[in-house]
Amino acid sequence: MANLTTNIGNLHLKNPVMTASGTFGYGDEFADFIDISRIGGIIVKGTTLRHREGNPYPRMAETPAGMLNAVGLQNKGVDYFVEKIYPQTSKIDTSVIVNVSGSTIEDYVETAEKLADLEYIPAIELNISCPNVKQGGMAFGTCAASAEEVITAVRKVYHKHMMVKLSPNVTDISEIARAAEAAGADSVSLINTLLGMAIDAKTRKPKLSTVTGGLSGPCVKPIALRMVWQVSQAVEIPVVGLGGIMNATDAIEFFLAGATAIQIGTANFLDPTISVKVLEGINEYLDSNGYKSIRDIIGALEV
Amino acid sequence: MSDLIVTVNKQLNNQYFLLKLTSKETLPEMLPGQFVEVLVDNSSTTFLRRPISIHFVDVTTNELWLLIQITGDGTRKMGEFEIGHSVNLLYPLGNSFTYPNPAQQRVLLVGGGVGVAPLLMLGAELQKKSIQPIFLLGARSEKDLLELDEFARFGIVHTTTEDGSHGEKGFVTQHSILSNEKFDKIYTCGPTPMMKAVASFAMKNDIDCEVSLENNMACGIGVCLCCVEDTKDGHKCVCTEGSVFNIKDLKWQI
Numbered sequence: 030m031a032n033l034t035t036n037i038g039n040l041h042l043k044n045p046v047m048t049a050s051g052t053f054g055y056g057d058e059f060a061d062f063i064d065i066s067r068i069g070g071i072i073v074k075g076t077t078l079r080h081r082e083g084n085p086y087p088r089m090a091e092t093p094a095g096m097l098n099a100v101g102l103q104n105k106g107v108d109y110f111v112e113k114i115y116p117q118t119s120k121i122d123t124s125v126i127v128n129v130s131g132s133t134i135e136d137y138v139e140t141a142e143k144l145a146d147l148e149y150i151p152a153i154e155l156n157i158s159c160p161n162v163k164q165g166g167m168a169f170g171t172c173a174a175s176a177e178e179v180i181t182a183v184r185k186v187y188h189k190h191m192m193v194k195l196s197p198n199v200t201d202i203s204e205i206a207r208a209a210e211a212a213g214a215d216s217v218s219l220i221n222t223l224l225g226m227a228i229d230a231k232t233r234k235p236k237l238s239t240v241t242g243g244l245s246g247p248c249v250k251p252i253a254l255r256m257v258w259q260v261s262q263a264v265e266i267p268v269v270g271l272g273g274i275m276n277a278t279d280a281i282e283f284f285l286a287g288a289t290a291i292q293i294g295t296a297n298f299l300d301p302t303i304s305v306k307v308l309e310g311i312n313e314y315l316d317s318n319g320y321k322s323i324r325d326i327i328g329a330l331e332v
Numbered sequence: 011m012s013d014l015i016v017t018v019n020k021q022l023n024n025q026y027f028l029l030k031l032t033s034k035e036t037l038p039e040m041l042p043g044q045f046v047e048v049l050v051d052n053s054s055t056t057f058l059r060r061p062i063s064i065h066f067v068d069v070t071t072n073e074l075w076l077l078i079q080i081t082g083d084g085t086r087k088m089g090e091f092e093i094g095h096s097v098n099l100l101y102p103l104g105n106s107f108t109y110p111n112p113a114q115q116r117v118l119l120v121g122g123g124v125g126v127a128p129l130l131m132l133g134a135e136l137q138k139k140s141i142q143p144i145f146l147l148g149a150r151s152e153k154d155l156l157e158l159d160e161f162a163r164f165g166i167v168h169t170t171t172e173d174g175s176h177g178e179k180g181f182v183t184q185h186s187i188l189s190n191e192k193f194d195k196i197y198t199c200g201p202t203p204m205m206k207a208v209a210s211f212a213m214k215n216d217i218d219c220e221v222s223l224e225n226n227m228a229c230g231i232g233v234c235l236c237c238v239e240d241t242k243d244g245h246k247c248v249c250t251e252g253s254v255f256n257i258k259d260l261k262w263q264i
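Residue numbers (this note's numbering), protein chains in the order written: chain S, 30 to 332; chain Y, 11 to 264.
Since the hints were derived computationally from the structure, they do not count as laboratory data. Treat the hints loosely; a few may be bogus.
Quick look at which bits of chain S chain Y covers, simulated, 3 or more residues with Cβ under 8 Å [stated by the list, open to error]:
#1 46 to 54
#2 84 to 94
#3 297 to 304
Label pairs and their in silico Cβ distance ranges [claimed, not checked]:
#4 ASP108(S) <-> ASN215(Y): 38 to 46 Å
#5 THR278(S) <-> GLY180(Y): 50 to 58 Å
#6 ALA94(S) <-> LYS258(Y): 37 to 45 Å
#7 ALA94(S) <-> GLY180(Y): 37 to 45 Å
#8 THR70(Y) <-> ILE252(S): 50 to 58 Å
#9 THR278(S) <-> ASN111(Y): 51 to 59 Å
#10 ASP173(Y) <-> THR278(S): 49 to 57 Å
#11 ASP173(Y) <-> LYS113(S): 49 to 57 Å
#12 ASP173(Y) <-> ALA230(S): 23 to 31 Å
#13 MET11(Y) <-> ASP108(S): 33 to 41 Å
#14 GLU191(Y) <-> GLU309(S): 54 to 62 Å
#15 MET11(Y) <-> ILE252(S): 24 to 32 Å
Derived DSS-like pairs: lysine-lysine, alpha-carbon spacing no greater than 30 Å straight-line [as the list claims (entries may be wrong)]:
#16 LYS242(Y) <-> LYS236(S)
#17 LYS87(Y) <-> LYS234(S)
#18 LYS258(Y) <-> LYS105(S)
#19 LYS234(S) <-> LYS261(Y)
#20 LYS236(S) <-> LYS261(Y)
#21 LYS242(Y) <-> LYS113(S)
#22 LYS34(Y) <-> LYS234(S)
#23 LYS242(Y) <-> LYS105(S)
#24 LYS87(Y) <-> LYS236(S)
#25 LYS306(S) <-> LYS34(Y)
#26 LYS242(Y) <-> LYS234(S)
#27 LYS143(S) <-> LYS113(S)
#28 LYS206(Y) <-> LYS236(S)
#29 LYS261(Y) <-> LYS113(S)
#30 LYS231(S) <-> LYS179(Y)
#31 LYS87(Y) <-> LYS306(S)
#32 LYS231(S) <-> LYS87(Y)
#33 LYS189(S) <-> LYS105(S)
#34 LYS261(Y) <-> LYS231(S)
#35 LYS153(Y) <-> LYS231(S)
#36 LYS113(S) <-> LYS206(Y)
#37 LYS236(S) <-> LYS258(Y)
Note that the coordinates shown come from a computational prediction; the quantities given were computed from them, not determined experimentally. The beta-carbon is built from N, C-alpha and C at its ideal position, and this holds for glycine as well.
Using the sequences and the accompanying hints, generate a full structural model.
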């Protein structure tokens with residue numbers, strides 16, 4: 030058994046397999062299928078300052094090798110999380126990280142402040158990349174200046190680990206990653222979904238109520254890998270890789286490209302036990318290739 | 011989640027087929043109105059699992075029945091499953107139809123197209139509870155009326171077809187039984203316009219009514235939040251808080 034522990038900067042994880050925000054609920058939903066404490070980290074659903082109903086139905090369109098979603102950050106707000114959900118998540122023996130989103134800088138700051146003192150939340154993932162909300166979200170993450178502004182503001186009130194989730198819907202993701210690093214991010218996670226759309230030729234209407242939505246699944250993996258590789262060359266802070274990981278081999282490719290940890294997203298929808306299978310597969314790869322630790326393959330790509 | 015084995019794959023006509031699946035272990039308890047999510051391999055366009063209503067559970071043979079309409083590549087692949095093929099299922103999912111209260115003796119089950127599927131199991135369970143269900147099943151034409159013999163095992167079957175080739179001509183909501191008899195509870199599953207018409211009839215006549223929705227979904231376990239229905243209590247996941255809803259909780263304009 031290889032050493033699977035990994036450190037994302039000052040955030041210690043028992044293993045590098047995390048589950049991505051919006052694909053794993055609050056963890057408990059998967060307790061019937063797996064021992065959720067085996068997961069390295071659970072990033073819970075995007076949380077906003079106030080309750081959000083999200084976008085109208087239809088919110089999802091299947092694509093070959095992927096899916097588009099336009100959920101629009103449906104959640105009950107940070108106060109509900111703190112009062113009703115946190116007492117449960119705090120019992121899970123793994124790192125539970127809250128994904129934080131907002132429409133204004135003040136929203137992000139206030140939400141992060143409310144999470145800062147929770148003992149069993151060691152980190153937040155600042156979501157400046159959600160493509161499915163009209164205001165805020167991705168708008169912050171597609172321009173270096175606004176990314177820097179929101180990260181700087183949250184940094185002032187949040188002193189634990191701050192991971193910043195980046196959007197792939199930009200010309201140069203390295204530039205945004207450097208801005209995040211300069212503004213005080215402890216790590217970056219990438220990629221969020223790619224903006225796409227689907228049309229029903231029969232009805233001549235869009236398949237999503239919002240017309241456009243976020244593409245995820247194995248179809249985005251080559252783009253995600255490329256961006257993880259580029260960003261890991263561009264910044265000193267750790268990079269967390271996600272985008273279309275369906276199995277252990279996919280995950281290993283992200284480590285080789287420079288990811289310190291990975292997140293599994295859409296694959297949870299097909300197989301609720303996939304996170305544990307990927308974890309076991311990574312261990313087998315390390316053992317069978319003679320590696321003692323996951324750290325031996327991080328950034329080990331031979332170009 | 012488990013792997014089941016195909017025991018029967020019977021083509022009913024060019025659009026519909028009946029799959030029967032079994033397991034080495036005793037199948038878990040399943041309730042009428044619940045569904046399964048089927049993993050479809052080897053289809054380049056089918057990425058997500060396919061949510062399919064539980065049609066019937068035969069406890070004597072330990073078989074789960076699925077009545078399936080071919081609507082795309084995923085269901086077409088399922089139609090090609092051979093006997094002995096192993097199928098990965100996430101199940102049973104969703105809530106279920108609620109049984110009538112003791113005052114609700116006259117019960118009508120209205121189905122359209124492949125939406126008749128969950129009504130067979132519901133009818134069987136009602137019969138076990140000594141309630142004689144009446145089925146009202148509609149389709150475009152005779153060839154689209156499915157499993158009539160099976161339904162007849164559990165209750166009286168009335169039919170409508172749009173072309174008049176079987177039963178009364180027209181839509182289910184035009185059937186004479188609705189004006190000739192009184193009902194205390196209606197269950198319905200089928201195309202949305204049909205369910206809305208049935209719900210509207212129930213509402214106008216002050217009849218308790220439950221509908222089974224089939225919103226487009228991904229995970230089936232309440233985490234992706236894609237399949238939501240707008241209810242009087244906000245967005246609810248059809249996969250976990252449905253698929254059965256009482257019409258009084260929905261925001262349908264009927």
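Do the hints match the structure? See the list:
{"no.": "1", "hint": "46 to 54", "verdict": "holds (count 4)"}
{"no.": "2", "hint": "84 to 94", "verdict": "holds (count 10)"}
{"no.": "3", "hint": "297 to 304", "verdict": "holds (count 6)"}
{"no.": "4", "hint": "ASP108(S) <-> ASN215(Y): 38 to 46 Å", "verdict": "holds (43 Å)"}
{"no.": "5", "hint": "THR278(S) <-> GLY180(Y): 50 to 58 Å", "verdict": "holds (57 Å)"}
{"no.": "6", "hint": "ALA94(S) <-> LYS258(Y): 37 to 45 Å", "verdict": "holds (41 Å)"}
{"no.": "7", "hint": "ALA94(S) <-> GLY180(Y): 37 to 45 Å", "verdict": "holds (44 Å)"}
{"no.": "8", "hint": "THR70(Y) <-> ILE252(S): 50 to 58 Å", "verdict": "holds (53 Å)"}
{"no.": "9", "hint": "THR278(S) <-> ASN111(Y): 51 to 59 Å", "verdict": "holds (55 Å)"}
{"no.": "10", "hint": "ASP173(Y) <-> THR278(S): 49 to 57 Å", "verdict": "holds (54 Å)"}
{"no.": "11", "hint": "ASP173(Y) <-> LYS113(S): 49 to 57 Å", "verdict": "holds (54 Å)"}
{"no.": "12", "hint": "ASP173(Y) <-> ALA230(S): 23 to 31 Å", "verdict": "holds (28 Å)"}
{"no.": "13", "hint": "MET11(Y) <-> ASP108(S): 33 to 41 Å", "verdict": "holds (35 Å)"}
{"no.": "14", "hint": "GLU191(Y) <-> GLU309(S): 54 to 62 Å", "verdict": "holds (59 Å)"}
{"no.": "15", "hint": "MET11(Y) <-> ILE252(S): 24 to 32 Å", "verdict": "holds (30 Å)"}
{"no.": "16", "hint": "LYS242(Y) <-> LYS236(S)", "verdict": "holds (24 Å)"}
{"no.": "17", "hint": "LYS87(Y) <-> LYS234(S)", "verdict": "holds (27 Å)"}
{"no.": "18", "hint": "LYS258(Y) <-> LYS105(S)", "verdict": "holds (24 Å)"}
{"no.": "19", "hint": "LYS234(S) <-> LYS261(Y)", "verdict": "holds (23 Å)"}
{"no.": "20", "hint": "LYS236(S) <-> LYS261(Y)", "verdict": "holds (21 Å)"}
{"no.": "21", "hint": "LYS242(Y) <-> LYS113(S)", "verdict": "holds (22 Å)"}
{"no.": "22", "hint": "LYS34(Y) <-> LYS234(S)", "verdict": "violated (46 Å)"}
{"no.": "23", "hint": "LYS242(Y) <-> LYS105(S)", "verdict": "holds (16 Å)"}
{"no.": "24", "hint": "LYS87(Y) <-> LYS236(S)", "verdict": "holds (23 Å)"}
{"no.": "25", "hint": "LYS306(S) <-> LYS34(Y)", "verdict": "holds (24 Å)"}
{"no.": "26", "hint": "LYS242(Y) <-> LYS234(S)", "verdict": "holds (27 Å)"}
{"no.": "27", "hint": "LYS143(S) <-> LYS113(S)", "verdict": "holds (14 Å)"}
{"no.": "28", "hint": "LYS206(Y) <-> LYS236(S)", "verdict": "holds (22 Å)"}
{"no.": "29", "hint": "LYS261(Y) <-> LYS113(S)", "verdict": "holds (27 Å)"}
{"no.": "30", "hint": "LYS231(S) <-> LYS179(Y)", "verdict": "holds (28 Å)"}
{"no.": "31", "hint": "LYS87(Y) <-> LYS306(S)", "verdict": "holds (26 Å)"}
{"no.": "32", "hint": "LYS231(S) <-> LYS87(Y)", "verdict": "holds (22 Å)"}
{"no.": "33", "hint": "LYS189(S) <-> LYS105(S)", "verdict": "holds (24 Å)"}
{"no.": "34", "hint": "LYS261(Y) <-> LYS231(S)", "verdict": "holds (27 Å)"}
{"no.": "35", "hint": "LYS153(Y) <-> LYS231(S)", "verdict": "holds (25 Å)"}
{"no.": "36", "hint": "LYS113(S) <-> LYS206(Y)", "verdict": "violated (36 Å)"}
{"no.": "37", "hint": "LYS236(S) <-> LYS258(Y)", "verdict": "holds (28 Å)"}
Hint compliance for this structure: hints 22 and 36 are broken, all remaining hints hold.
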